[in-house]
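Please put together the full structure from these sequences, using the hints given.
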Amino acid sequence: MEGKSSENRSPIGTIEAAIDSSPDSKSDSEPEKTAKNAITTASASKDFGCIPIPRRLRYDPSSPFHFGMFLNILFGVTSTFSVANLYWCQPILIELSSSFDVSYDEISKLPTLIQAGYATGLLFISPLGDLVRRRQLLLILVFVSASLTIGLALTPNLPTFQVLSFLVGASSVTPQVLLPLTADLAPPTRRATAMSIVFSGLLFGILIARVLSGIIAQFADWHITYWMAIGIQWVLVFVLFWTVPDYPPKNTGELGYAQIMWTMAKFSVTEPVLIQGCLCNMGSAAAFSSFWVTLTFLLGGVPYNYSTQAPSTACAAKVITDNPYTLIIGLFGLIGMVGVALAPLVGRFIDFLIPWQASLVACIGLLLFQIVQVVGNGLNIAAVVIATVGLDVFRQMLETSLAISIFSIAPRARARLNAIYILSLFIGQVLGSSAGTKVFLAYGWRATAAMTLGFTLWALLILLLRGPECERYTWFGPTNSLKGLWDVVCITRHLRRGPDASKVGREENVTSEVAGGHGGHDSEKVN
1 MEGKSSENRS PIGTIEAAID SSPDSKSDSE PEKTAKNAIT TASASKDFGC
51 IPIPRRLRYD PSSPFHFGMF LNILFGVTST FSVANLYWCQ PILIELSSSF
101 DVSYDEISKL PTLIQAGYAT GLLFISPLGD LVRRRQLLLI LVFVSASLTI
151 GLALTPNLPT FQVLSFLVGA SSVTPQVLLP LTADLAPPTR RATAMSIVFS
201 GLLFGILIAR VLSGIIAQFA DWHITYWMAI GIQWVLVFVL FWTVPDYPPK
251 NTGELGYAQI MWTMAKFSVT EPVLIQGCLC NMGSAAAFSS FWVTLTFLLG
301 GVPYNYSTQA PSTACAAKVI TDNPYTLIIG LFGLIGMVGV ALAPLVGRFI
351 DFLIPWQASL VACIGLLLFQ IVQVVGNGLN IAAVVIATVG LDVFRQMLET
401 SLAISIFSIA PRARARLNAI YILSLFIGQV LGSSAGTKVF LAYGWRATAA
451 MTLGFTLWAL LILLLRGPEC ERYTWFGPTN SLKGLWDVVC ITRHLRRGPD
501 ASKVGREENV TSEVAGGHGG HDSEKVN
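Residue numbers for the sequence shown follow full-length UniProt numbering, so the first one is 1 and each next one is one higher.
Keep in mind that the hints are not guaranteed to be accurate.
[What the hints assert, rightly or not] What follows is a list of derived Cβ distance ranges for each label pair:
no.: 1; residue 1: Ile73; residue 2: Ser98; range: 19 to 29 angstroms
no.: 2; residue 1: Leu154; residue 2: Ala382; range: 46 to 56 angstroms
no.: 3; residue 1: Leu457; residue 2: Gln218; range: 39 to 49 angstroms
no.: 4; residue 1: Ala442; residue 2: Ile94; range: 20 to 30 angstroms
no.: 5; residue 1: Phe219; residue 2: Trp475; range: 55 to 65 angstroms
no.: 6; residue 1: Tyr104; residue 2: Gly68; range: 41 to 51 angstroms
These aren't lab readings, by the way, just hints derived from the structure by calculation.
No residue lacks a Cβ here, since even glycine has one placed at the ideal position from N, Cα and C.
Next comes the structure, spelled out in structure tokens:
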């Protein structure tokens, strides 16, 4: 159980205190300060103004909560079963079409509708993490998604099911509240490790939803899938209520919802670190999505023939609705578990470096394994396995390191920055899935693999255009990237000296820290 501790305290109180005391901070009049303090004190003892918060979980600035492994793992598990809401339906689309007596074409739109709901919640709900208490936001999101899922288990018609699915998708953005919160609470020397655990929980949710839903539909009624999801989410509401500490809002009285939306738009065009990270993320996500979409066709055709139906135009167009997967192809996705299992190690590796260096290592790793799959896939199944594991590991490494760089821009705006960042991931996935399918149908699997290699090269080039020593508002710095390459060559020396020594080395280079290091802009007041 997490508790308050005088040692290893969360840095959030210290960071926010430093921000509020900075010369650039807005100074409130004494009546305004008194009113703010009264509001904070009145609401600190209750959730939603009426439900008492357990005393040991109430925020006390003199004794911040310790962010330990238990709370970190709980955040990961919550991410798992929140994001699973987006994928329960995918293995049971045939059963749903039969139950609602509709065509495959109609039911095949359901996954897209759920993802559209998730994108809506990402854009309009997750930024509230910069405005309200995160404990209350987490509780209400899980409560609402659990309640809406009851409708999915009971509704007798497709239109109602579609509306509820959209709303469930919109309320399942809990992981995008947890990621910025984890970045706020984790100590700087363990931030990447902590965020990797939450990221891995999110990835595990995608996998476990498809596996569990498919197994249940095979041996029982599809409704049981949703009743199971309801039960899990209600358990999470109970556990979160009794374990998640209450943290104060980060922008009390300073910003309204309209200002939150406006600053998101402003960040998306004025922050070079954010734009660079989003463009890299889009390229990497497009390559990763294209790889997984076309992997089924590769395994189902010559020389593997793991599917009874060889890849063709009809197979590609109806891959979801006609479900041509065999058990072997379905279980092949479990290889993704390797990347999930290695997440803490990947995060620890990132903690030894400044994030830009970790991103560079990840891009180079992705490039190497993309070459493996371009050359080796179709020749031997070992090449497919090796490429799959390598791409999973380095994709997660890149996603985490880019997030840390972006979160360093403004600690009080991390929820907004995360919303923009994850939106770029969505765009990349849509681009990769669409382009991958079209290229496969027109030119075959080898051309698709070459395209994914091109997406990866795009991410690497974008990263190299702006090196780790650039000032905050410098858009290009290619010569500095060469020094970054040399720093990556010296990774062994950093690892040998340990994370504390590496941190000292980074502190000696303030300019490098500003570009992408932990807390590079933490001293700045950004609304």
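Checked hints:
Distance hint for Ile73 and Ser98: a CB-CB separation of about 39 angstroms, inconsistent with the stated range 19 to 29 angstroms. Between Leu154 and Ala382 the Cβ separation comes to about 48 angstroms, which falls inside the hinted range of 46 to 56 angstroms. Distance hint check: the CB atoms of Leu457 and Gln218 are about 41 angstroms apart, consistent with the given range 39 to 49 angstroms. Hint check: Ala442 to Ile94, Cβ distance near 28 angstroms, so the stated range 20 to 30 angstroms holds.
One distance hint, 55 to 65 angstroms for the beta-carbon pair Phe219 and Trp475, holds here, with the actual separation near 56 angstroms. At roughly 48 angstroms, the beta-carbon separation of Tyr104 and Gly68 lies within the given 41 to 51 angstroms, and the hint holds.
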